[in-house]
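Enquirer: So the sequences go chain by chain: A and B.
Heads up: the first sequence begins at 1041 in the working numbering, then just goes up one per residue.
Heads up: the second sequence begins at 15 in the working numbering, then just goes up one per residue.
For the record, the hints were derived by calculation from the structure and aren't laboratory data.
Keep in mind that a hint or two might mislead.
In the DSS-like style, the derived pairs of lysine-lysine whose C-alpha atoms are separated by at most 25 angstroms in a straight line are [claimed, not checked]:
#1 A:1163 to A:1131
#2 A:1188 to B:42
#3 A:1125 to A:1227
#4 B:42 to A:1163
#5 A:1186 to B:42
#6 A:1227 to A:1250
#7 A:1250 to A:1264
Quick look at which bits of chain B chain A covers, simulated, 3 or more residues with Cβ under 8 angstroms [claimed, not checked]:
#8 19 to 33
#9 114 to 128
#10 188 to 195
#11 227 to 240
From the three backbone atoms N, C-alpha and C, an ideal C-beta is built for every residue, glycine too.
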Amino acid sequence: MSEPLIEVTDLSKSFLLPHLRQTTIKSQVLNVLRPRRTVEVQQVLDGITLQVARGEFLGIVGRNGSGKSTLLKILAGIYPPTRGKVAVHGKLVPFIELGVGFHPELTGRENVYLSGALLGFSKGDVRSMYDNIVSFAELDGSMDQKLKNYSSGMQVRIAFSVATRARADILLVDEVLAVGDAAFQRKCFDHFHELKRGDTTVVFVTHDMKAVREFCDRVILIEKGQIAAEGGPDDIADRYLEMLGAKAR
Amino acid sequence: MSSFLESIYRRYRYPAIILRAMVTSDLKLRYQASALGYLWTLARPLAIFSILYVVFVKFLRIGEGTPFFAIYLLLGIVMWGLFTEATTQSLSSIVSRASLLTKINFPRYVVVLSVAASVLISFTLNLAVIALFMIVARVPVGWEAFWLVPLFLELIAFALAVSLFLSALFVRFRDLNYIWEVFIQAAFYATPILYPLTLVPERYSRVLLLSPMAQVIQDARYVLITDQTQTIAQLYGTGWARAIPVGITMALAVAAVVFFRRRSRFFAEEA
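Model the full structure from these sequences, guided by the hints.
Expert: Okay, here's the thing in structure tokens:
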């Protein structure tokens, strides 16, 4: 194993529960008069330690609300950790959602430039790859309509097509494979295989155990904000399904 | 040296790209559904100017004795407009971009800068309209008009500082917009925009002129349009009196940057 690109040491994250957070000046003033209420803290991640090596394809699985997406957002620098350390070496691009920054009132073309900018591409960069983006999305000729007039499938294809242009050392992917028709999913899988062949490091959050078995080198199972298990894709996928099955019964 | 420039370039390339994309898409969105499009940015100050001219110059005759009073008014209104628009639009800007802030990590100040940039664009167009009127009315302009450059820089710095504060505070305190709306109204009348300062007793005008907005507007009118107006330098007998409003602006700017940087780490989870 070569040097780690991501190092997470004893990471914890807690949120103040929204309904107890003081959001108006009135409630602040009232709380000065009243005895102080204790603030309820929701611990989402609790002592996560983790390393990801260059070129590794790491899967993160776990039930809804187990803390997977929060972990991804902390890796992406979107949330600050409450405790612990996160070190990321290299250019990191997050895909928390497809079509981030898309605006329904702008045209398909304008949205390509906008979401390209969010990935760090200048106007000139996008212009030079524009034809490739459009042909990959299979949408020639209809790029000057407003985005809201496209079907949701077409919107996803544009978004994914822009996303595939991202050049990064580390990609964070949250469940984007769950969208689109079968043909489109095939295309996503092909793209992932390509990434796997290259030396891009991928951290991949998903509920799809088929995808886990197909791509991941190593998988961690998160439960109640802690790493409950870590291992090869088949072991962890079985364990996860077993856990869900036990719950269902 | 070149490695220093290179590190600056690397650090600000991404914010600059996002800023540009945000400003261009904002402009496109703002004008795409209107028939006249960009012309509206020019038509608005023209229309405001006509109203001011009729009300203040023809009916109320407030500014008699002040040469070119209509243009004098318009300059004040346009400068005040920059402050009002920048601050009220910035106030909710972080919260309204919440869905973006929770998906990607980029410097949060870009959001506030993008608001300021589109306000600056319409400010520049408004200034062009004023220049047009000044040519038509044959307002004599001297070299002292170059003082407008530092004056406008002070105005922009002040507006940006307040914008950074408001946008970061609004994430926590959601009734700030109502408070700010009322405050802006009060501040509008506390600033000598519609009335000549000579109408105000001197002990009050000495206080009013300590506000950066009042100082900047009066100074800009003085250097560009007419010396028949009261500036902080005249009232206090020395130009060094400007140190107070300029000092307020600089202190506010530093505090705003520190505060915004500290708070912005938590925008994604609180917005």
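Enquirer: Keeping to a limit of 25 angstroms between CA atoms, is the pair of residue 42 of chain B and residue 1163 of chain A held or broken?
Expert: holds (16 angstroms)
Enquirer: Using a Cβ cutoff of 8 angstroms, are there at least 3 residues of the segment 227 to 240 of chain B near chain A, or does the coverage claim fail?
Expert: Our answer is that it is violated, as 0 residues pass the Cβ test (under 8 angstroms) against chain A, missing three.
Enquirer: Below or equal to 25 angstroms on CA atoms is what counts here, so check residue 1227 of chain A against residue 1250 of chain A.
Expert: OK: residue 1227 of chain A and residue 1250 of chain A at ~16 angstroms, within 25 angstroms.
Enquirer: Verify the proposed pairing of residue 1186 of chain A with residue 42 of chain B, using a straight-line Cα cut of 25 angstroms.
Expert: Within the cut-off at roughly 12 angstroms; holds.
Enquirer: Count the residues of the segment 19 to 33 of chain B with a beta-carbon closer than 8 angstroms to any beta-carbon of chain A: does the count reach three?
Expert: holds (count 4)
Enquirer: What's the verdict on residue 1250 of chain A and residue 1264 of chain A, does the C-alpha distance respect the 25 angstroms limit or exceed it?
Expert: Holds - the C-alpha atoms of residue 1264 of chain A and residue 1250 of chain A are around 23 angstroms apart, at most 25 angstroms.
Enquirer: Are residue 1163 of chain A and residue 1131 of chain A close enough, with their CA atoms no more than 25 angstroms apart?
Expert: holds (20 angstroms)
Enquirer: CA of residue 1125 of chain A to CA of residue 1227 of chain A, is that 25 angstroms or under?
Expert: Cα-Cα ~36 angstroms, so violated.
Enquirer: Going straight from one Cα to the other, do residue 1188 of chain A and residue 42 of chain B come out at no more than 25 angstroms?
Expert: holds (16 angstroms)
Enquirer: Taking beta carbons only, do three or more residues of the segment 188 to 195 of chain B come closer than 8 angstroms to chain A?
Expert: holds (count 4)
Enquirer: Confirm or reject the coverage of the segment 114 to 128 of chain B by chain A under the rule of 3 or more residues with a beta carbon closer than 8 angstroms to the chain's beta carbons.
Expert: Held - the segment 114 to 128 of chain B has 7 residues with a Cβ nearer than 8 angstroms to chain A, which meets the minimum of three.
When held up to the earlier numbered hints, the structure conflicts with 3 and 11 and fits the remainder.
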